[in-house]
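J.: Listed below are the residues making up each chain.
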Amino acid sequence: MDRETAGLALAVVTILAVLAAVYPILPANSEQFSELGVLGPGQKIGGYPTSVAVGQGFNLYVYVGNHEGDSAYYQVLVKEGNQATAISNSTAASLPPVMSDSLILANNASTTFPMTVSMNTAGLNQRLIFELWMLNTTTSSFAYTGIWNQLWLNVSSS
Amino acid sequence: MALLLLLLWCPAAARAASEASFASAYSSVQSAFVGVHNAEARGGNVTSLVAQLDGALSLIQTASNENSSNPSQAGRDLQNATTIALSVEAAAPSVGQQGATARQAQFALSIGLAAVIVAVASALYVFGDRIYHRLWLRAYGGYLVKKVG
Chain A
1 MDRETAGLAL AVVTILAVLA AVYPILPANS EQFSELGVLG PGQKIGGYPT
51 SVAVGQGFNL YVYVGNHEGD SAYYQVLVKE GNQATAISNS TAASLPPVMS
101 DSLILANNAS TTFPMTVSMN TAGLNQRLIF ELWMLNTTTS SFAYTGIWNQ
151 LWLNVSSS
Chain B
1 MALLLLLLWC PAAARAASEA SFASAYSSVQ SAFVGVHNAE ARGGNVTSLV
51 AQLDGALSLI QTASNENSSN PSQAGRDLQN ATTIALSVEA AAPSVGQQGA
101 TARQAQFALS IGLAAVIVAV ASALYVFGDR IYHRLWLRAY GGYLVKKVG
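Line order of the protein sequences matches chains A and B.
Counting from 1, one number per residue, gives the positions in the first sequence under this note's numbering.
Counting from 1, one number per residue, gives the positions in the second sequence under this note's numbering.
There could be a bad hint or two in this list.
[To be verified] Partial list, computed: chain A residues near chain B (C-beta under 10 Å):
#1 Ala6
#2 Gly7
#3 Ala11
#4 Tyr23
#5 Asp70
#6 Ser102
#7 Leu105
#8 Ala106
#9 Leu135
#10 Ser140
#11 Ala143
#12 Gly146
#13 Ile147
[Said to hold, decoys possible] Pulled from the structure, derived: some chain B residues nowhere near chain A, Cβ distances all over 12 Å:
#14 Glu66
#15 Asn80
#16 Pro93
#17 Gln97
#18 Gly142
#19 Tyr143
If you're looking for bench data, these hints aren't it; they were derived computationally from the structure.
Nothing here was measured: the structure is a model prediction, and the numbers come from that model.
Note that the Cβ used here is the ideal one computed from N, Cα and C, for glycine as well.
Just chain A, same shape as in the assembly:
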């Protein structure tokens, strides 16, 4: 091996070794996001009820995942709406929650918890809306994450 090749090999090994040494103090650069999922009674995607009666309780499971880079304090708000209810990734539905659940998750943790819900208003194409809110520690208030889910239901009066 000539001197130039040896010098190049030494430089490459040195750079790799230095990168390995400072890796623990480099800031994490991964995408930050939260997850919300509504699962059926069997804790799977599917098997959701499509027709229920007013006041008839049914079981669902809610999945929440935290990949925000640090721990997060979440609120899952359940709202009862219909086809006319406006909701988007930037604006939450302007309806009072009929149910809510609060939870705190460490970074990269997730949880699935049961929820027994019932509808109060009869009608076709009613929507059960699930919104994920998160505590903003700077303002000490909950803010809509823009993550939501819904279940379409035909609700009979009896």
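With chain A's structure known, arrange chain B on it following the hints.
T.: Okay, now just chain B, sitting in the frame of chain A:
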């Protein structure tokens, strides 16, 4: 009148917990979470504190569910949730301090290690030939060349 007297005689714990009690418990958890979040930002390991706070939230939820059927137990659960939140809030600053110290030590270790690696590499580059020749001489210097045939 008799009902009023009965209500006055009932111990406070036997009455349903008020909305204000729930709001107060939630407020304690929220305040503790802000402390935990700050400790985490300083590098503290907050896994245990997060689990405790989530447990406090579960207690509040349980209290909400049992408030009409078992108000005294609901009151105790709310009290326990608040106690947990207060202890977590009190512990958070020291966890944050430990994290900051560990982060500083890690920083010093990484920078020190990188400096040593660069110094060794530089020395190898400058004195590598000389070191190699000395080692070679030490290993093979005692060999004698024998005449063949």
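J.: Against this structure, judge whether each hint is valid.
T.: Now for the hints, and whether the structure bears them out:
1. Ala6: holds, 7 Å
2. Gly7: Nearest chain B Cβ about 6 Å off; hint holds.
3. Ala11: Alanine 11 of chain A check passes; min Cβ-Cβ to chain B is 8 Å, inside 10 Å.
4. Tyr23: Interface hint status for tyrosine 23 of chain A: holds (8 Å vs cutoff 10 Å).
5. Asp70: For aspartate 70 of chain A, the interface hint holds, since the closest Cβ of chain B sits about 5 Å away, which is under 10 Å.
6. Ser102: Hint on serine 102 of chain A: holds, closest Cβ of chain B at ~5 Å, below 10 Å.
7. Leu105: With a minimum Cβ separation of about 7 Å from chain B (threshold 10 Å), the hint on leucine 105 of chain A holds.
8. Ala106: It holds, given that the least Cβ distance between alanine 106 of chain A and chain B is near 5 Å, below 10 Å.
9. Leu135: holds, 6 Å
10. Ser140: holds, 6 Å
11. Ala143: With a closest approach of 13 Å, the alanine 143 of chain A hint is violated.
12. Gly146: violated, 20 Å
13. Ile147: Violated - the Cβ of isoleucine 147 of chain A stays beyond 10 Å from chain B, reaching only about 19 Å at its closest.
14. Glu66: holds, 15 Å
15. Asn80: holds, 16 Å
16. Pro93: Given that every Cβ of chain A is farther than 12 Å from that of proline 93 of chain B, nearest at about 15 Å, it holds.
17. Gln97: The assertion about glutamine 97 of chain B holds, with a minimum of 17 Å to chain A.
18. Gly142: holds, 26 Å
19. Tyr143: Holds, since 23 Å exceeds 12 Å.
Of the numbered hints stated above, those contradicted by the structure are hints 11, 12 and 13, listed in ascending order.
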